[in-house]
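**Q** The residues making up each chain are set out below.
Number of protein chains: 2
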Amino acid sequence: MGMKLGIIGYGGMGYWHGEYAPRAGVEVVAAYDVDPKRLEMAKDNGIEAYDNLDEFLKHDGMNFVVIATPNDVHKELTIKSMHAGMHVMVEKPATMSVTDWDDMVAESEKTGQILTVHQNRRWDKDYNVMRKVVEEGKIGEVLSIESRVFGTGGAFFGWRSFPEYGGGMILDWGVHLFDQLLGMYPDIKVTNVYAKLMTVLDQKVDDYFKVTLTLENGPLLHVEVGTYAFYKLPRWYVIGNEGTLQIDDFDCEKGGYMKPRYTDTPVAEVVVMTSAGPTRMMAPRPPETKEDFPLPEVETDWTELYQNLVGVMEGKEDLIVKPHQVRRVLELIEVIFQSAEEDRSIEVRI
Amino acid sequence: MGMKLGIIGYGGMGYWHGEYAPRAGVEVVAAYDVDPKRLEMAKDNGIEAYDNLDEFLKHDGMNFVVIATPNDVHKELTIKSMHAGMHVMVEKPATMSVTDWDDMVAESEKTGQILTVHQNRRWDKDYNVMRKVVEEGKIGEVLSIESRVFGTGGAFFGWRSFPEYGGGMILDWGVHLFDQLLGMYPDIKVTNVYAKLMTVLDQKVDDYFKVTLTLENGPLLHVEVGTYAFYKLPRWYVIGNEGTLQIDDFDCEKGGYMKPRYTDTPVAEVVVMTSAGPTRMMAPRPPETKEDFPLPEVETDWTELYQNLVGVMEGKEDLIVKPHQVRRVLELIEVIFQSAEEDRSIEVRI
Numbered sequence: 002m003g004m005k006l007g008i009i010g011y012g013g014m015g016y017w018h019g020e021y022a023p024r025a026g027v028e029v030v031a032a033y034d035v036d037p038k039r040l041e042m043a044k045d046n047g048i049e050a051y052d053n054l055d056e057f058l059k060h061d062g063m064n065f066v067v068i069a070t071p072n073d074v075h076k077e078l079t080i081k082s083m084h085a086g087m088h089v090m091v092e093k094p095a096t097m098s099v100t101d102w103d104d105m106v107a108e109s110e111k112t113g114q115i116l117t118v119h120q121n122r123r124w125d126k127d128y129n130v131m132r133k134v135v136e137e138g139k140i141g142e143v144l145s146i147e148s149r150v151f152g153t154g155g156a157f158f159g160w161r162s163f164p165e166y167g168g169g170m171i172l173d174w175g176v177h178l179f180d181q182l183l184g185m186y187p188d189i190k191v192t193n194v195y196a197k198l199m200t201v202l203d204q205k206v207d208d209y210f211k212v213t214l215t216l217e218n219g220p221l222l223h224v225e226v227g228t229y230a231f232y233k234l235p236r237w238y239v240i241g242n243e244g245t246l247q248i249d250d251f252d253c254e255k256g257g258y259m260k261p262r263y264t265d266t267p268v269a270e271v272v273v274m275t276s277a278g279p280t281r282m283m284a285p286r287p288p289e290t291k292e293d294f295p296l297p298e299v300e301t302d303w304t305e306l307y308q309n310l311v312g313v314m315e316g317k318e319d320l321i322v323k324p325h326q327v328r329r330v331l332e333l334i335e336v337i338f339q340s341a342e343e344d345r346s347i348e349v350r351i
Numbered sequence: 002m003g004m005k006l007g008i009i010g011y012g013g014m015g016y017w018h019g020e021y022a023p024r025a026g027v028e029v030v031a032a033y034d035v036d037p038k039r040l041e042m043a044k045d046n047g048i049e050a051y052d053n054l055d056e057f058l059k060h061d062g063m064n065f066v067v068i069a070t071p072n073d074v075h076k077e078l079t080i081k082s083m084h085a086g087m088h089v090m091v092e093k094p095a096t097m098s099v100t101d102w103d104d105m106v107a108e109s110e111k112t113g114q115i116l117t118v119h120q121n122r123r124w125d126k127d128y129n130v131m132r133k134v135v136e137e138g139k140i141g142e143v144l145s146i147e148s149r150v151f152g153t154g155g156a157f158f159g160w161r162s163f164p165e166y167g168g169g170m171i172l173d174w175g176v177h178l179f180d181q182l183l184g185m186y187p188d189i190k191v192t193n194v195y196a197k198l199m200t201v202l203d204q205k206v207d208d209y210f211k212v213t214l215t216l217e218n219g220p221l222l223h224v225e226v227g228t229y230a231f232y233k234l235p236r237w238y239v240i241g242n243e244g245t246l247q248i249d250d251f252d253c254e255k256g257g258y259m260k261p262r263y264t265d266t267p268v269a270e271v272v273v274m275t276s277a278g279p280t281r282m283m284a285p286r287p288p289e290t291k292e293d294f295p296l297p298e299v300e301t302d303w304t305e306l307y308q309n310l311v312g313v314m315e316g317k318e319d320l321i322v323k324p325h326q327v328r329r330v331l332e333l334i335e336v337i338f339q340s341a342e343e344d345r346s347i348e349v350r351i
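If you read the sequences in order, they're chains A and B. Taking the numbering used here, I'd label the letters of the first sequence as residues 2 to 351. Taking the numbering used here, I'd label the letters of the second sequence as residues 2 to 351.
Don't take every hint at face value.
To be verified - Output of the computed footprint for chain A on chain B, the stretches with three or more beta carbons under 8 angstroms from beta carbons of chain A: (1) 27-38; (2) 65-77.
Unchecked claim - Heads up, simulated BS3-like pairs for lysine-lysine below, C-alpha to C-alpha not over 27 angstroms straight-line: (3) K233/B with K139/A; (4) K126/A with K190/B; (5) K255/B with K205/B; (6) K260/B with K81/B; (7) K126/A with K44/A; (8) K260/A with K139/A; (9) K190/B with K255/A; (10) K205/A with K5/B.
Claimed, not checked - What follows is a set of in silico ranges between Cβ atoms, one per label pair, in the way DEER data are often shown: (11) W160/B with P164/A: 31 to 39 angstroms; (12) E298/A with K233/B: 57 to 65 angstroms; (13) T301/B with E300/A: 36 to 44 angstroms; (14) G312/A with P164/B: 35 to 43 angstroms; (15) N242/A with V35/B: 28 to 36 angstroms; (16) Q339/A with V35/B: 51 to 59 angstroms.
Hints are computed from structural coordinates only; laboratory data are not their basis. Because the structure is a prediction, the values reported are computed rather than measured. For each residue, glycine too, the CB sits at the ideal point set by N, CA and C.
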């Protein structure tokens, strides 16, 4: 059985699905939008365009929809689509509350339709390179993982700047970055959440955040996104008890991991004068006492996500992006907003 | 009246005072230590050496001592020295509890002897450059200041690896970095403290920490020190609503601040494909829409600290490093240890 995809919301991400899903062998058959200009674009791309949702959902042969609308209508559109016999992949965030997600999952179980979320960043190269170095123990036991995404776009565009539509950076990039890190620790509980949300340029929603997650038995996790940061900090920075990992950017062209090389050279046996003043702990390490390793090569292919959905439709595969994983991220996000609002760390078991 | 300085504890920092105080016109006359090897070094440097504290304190003409011993004996030595008629500058941390500091200050008020702490990093170039950019509003209203010091020395040497002597990074570098930042906000209260202390290599004391301080009306402050971090993050990273400041290292040779330049060029009007995937907020900004500024020149001279002490002795100046400032940092440090121990953020008014 092939996937015949309909796109609900032919804006930025809807357009993207229309362009890229065919690379995974998916047939894109129809699009629904409220904006006539977007419908024109769909037609130009050979996709049948609908301004009426009910008619769109009756499109002949269509069996799967991707929902790429503002976040506040994800739930309603998901349930309506499943009732019309569609499998559903909804854009992230799946929805804006755990309760809503539970309702969506209940409807999926009732109707037997697939329900999943477009957590495509699980296939990002940088994430997989970091994960490989960490999981292969290249830098020993890991004590701290820092995940950062900085840009200079500043304030948001369109609906993303309104809290009622689910705007803000936690619900935009945060959802991806938390999904990536929680995916590394499926069986380890987050025990503590501390979040600082800021608005640098935007006045209504968070356009800069710093979140710290404590794991019951694992590294400290730091996730930070800035939309108006003119200098970049590394995408990944990981501290282990046998070395340090740094990945500068998404393309993994710069970065590596460095470890001590044990030699007879004493490391800062005496106080050394540096531009930082007299120090021993912070004195430069002689070059022969450290060793630099390149980042490993990792093959990633995001089309695996669509291929998985076809496999699930055919009953041959398990869903990669599972409802309980989505729920865990939404649970975390609710606590993040609570922590920021109450200005304190919050004890949890997520 | 000139300063005739005696040094209590002629180890790493005691030796440093012996070498550098003369640059401020100070006469170094005597040293006390329990280690015969250190006393030999003092003699070689033309300083009269004592292995008996009472005899040292009777050294003819000596009027000021600097105490550079393990932290656990700062209080006892300070009080004993003041009773012997000495003014006292104690190495940081002044002592290990607020109560102890209050006792030391009470003794200073009773005896009329000067009591101060060697917070020499107030004169560090990088700190003063950062402070100038921030206070002159070069990057607008500041929302976040991050202060980081990373080295690769790893585990501590000597007494610094024992909690009972006051070892660990909070009491070593932390004291300086908190003093620097609180110095920028003398009249603004710290309202929330969140601290994570880690031991990467050392087993007894913190050799890596991350501390977040919330101000009542000011930027979020982040202070981080790692002793086993093979890649450096910038010494300073500051986010303002009109730009970003970065200072790479103590010498201020690399860094600057960057601001938007308003032109007719639209900034990421549409979704752009990057190696990060489709994004608008994180899309690269066209070069003509940003402007890079060099770090300002700042003249700093740490000998001002000793010159100030001479001025205070002569009744001509007020103390720069004041007891109430020292007390504030110690108060903060007590809460930092509490936050880390209880694994939660703590509401304060410091």
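**Q** Would you list, in rising numerical order, the hints stated earlier that this structure does not obey?
**A** 1, 2, 4, 5, 6, 7, 9, 10, 11, 12, 13 and 14
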